Amino acid sequence: MSTTVRLVLVQEVYDDLLNRTLSRISCDLGRLIYLASTRDYNTGNYYHEGLASRFSPEVARKALEMAHRQTFYKVSGFSLEDLASDLEAYLRSTRENPQEFLRTWQKLEPYRIAIPTEVNLTVARLFTSNLRLALAILRSRQEPSQPHR
Amino acid sequence: MIGTSSALIGAVVLLVLILVWIRADSTSRRLPSTLDGWLPDQGDAVEVCPPEFVSQIFSGQDLAFISRLEWPELKRHFLRERSAVALLCVQQTTTAIRRVMRRHLEASRLSEDIEFAMEARIFLQYAQLRLICGVLFLLIGLAGPHRLHGMALRADKLAQRIGDVLREFESGARTGEMDGARSS
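Order-wise, the sequence lines are chains V and W. For the first sequence, my numbering assigns the number 1 to the initial residue and increments by one for each residue that follows. For the second sequence, my numbering assigns the number 150 to the initial residue and increments by one for each residue that follows.
Since the hints were made in silico from the structure, they are not lab data. Note that the coordinates shown come from a computational prediction; the quantities given were computed from them, not determined experimentally. Treat the hints with care, as some may be off.
No farther apart than 25 Å at their CA atoms in a straight line, the calculated lysine to any residue pairs in the SDA-like style are these [claimed, not checked]: (1) Lys107(V) - Leu218(W); (2) Lys224(W) - Asp82(V); (3) Lys306(W) - Leu259(W); (4) Lys74(V) - Leu273(W).
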């Protein structure tokens, strides 16, 4: 398969992923967490059964990797205010207890696994730093009695 | 008398600058490795932070938002976090450009047709960038990244420009090598 044909195919799979799956997720952080979850923890390879069966595992892997990196850069580029809103939307979409969710996220920092393998180190650091701050902001909104002033 | 007091003031300023440098250096070393030691390892392929993120890191937008929340502890936390990211950004730029320059020097040593004017221009831009990075490194802890937006963008532009010139030089050298191989 020529490089051009392969690139066109990857783009096709990418568009399919955007239109069918990612558009159903209400916030960008949710999309990021979803895309990170399609990556195998042991090998770092991406896998999506539907895409792999309709196209090929290799092309699906490339498209997922591309979507993951792009979504990561998009979320990392959010202002703190926008990130806090997006995190709030993600929190609502999980339907978990907000206090418990925020406590767990602050403690375990599960968003670390949402970082793609090959990204700029400074951007990755900005992402984690902003999420820590956004969590602190949301927690103060959820628990207004917290003595912080 | 004026001479002695000037020397004394100079020595104190120098001492303060050295202390600030040491503090900034230790912050930049400590924060990424202990808090985020799990971050992706870039190995030898250290790259300059993309311009839109440099602008974001050094902008005052987030600080303005945090200030509106009127929560002093969070503001301190934000300034600490953002300074660490800004220091990492400067450190990455310095490391990346130093590596590119080292590669360029090695290539220049082997090259037969060195353009003196071009080499001088690259060196001057490099020296300017190192100076700006040094000043940024010093001032991030003192003034905060949001007050250094213009300087950080200037450093980023210079880093991009040096990268472009060197890429041009490398592709020119490759073309020359291919022409040489064809003619022999």
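Review point. So which of the earlier hints does this model not fit?
Key: Of the numbered hints given earlier, those the structure breaks are 3 and 4, listed in rising order.
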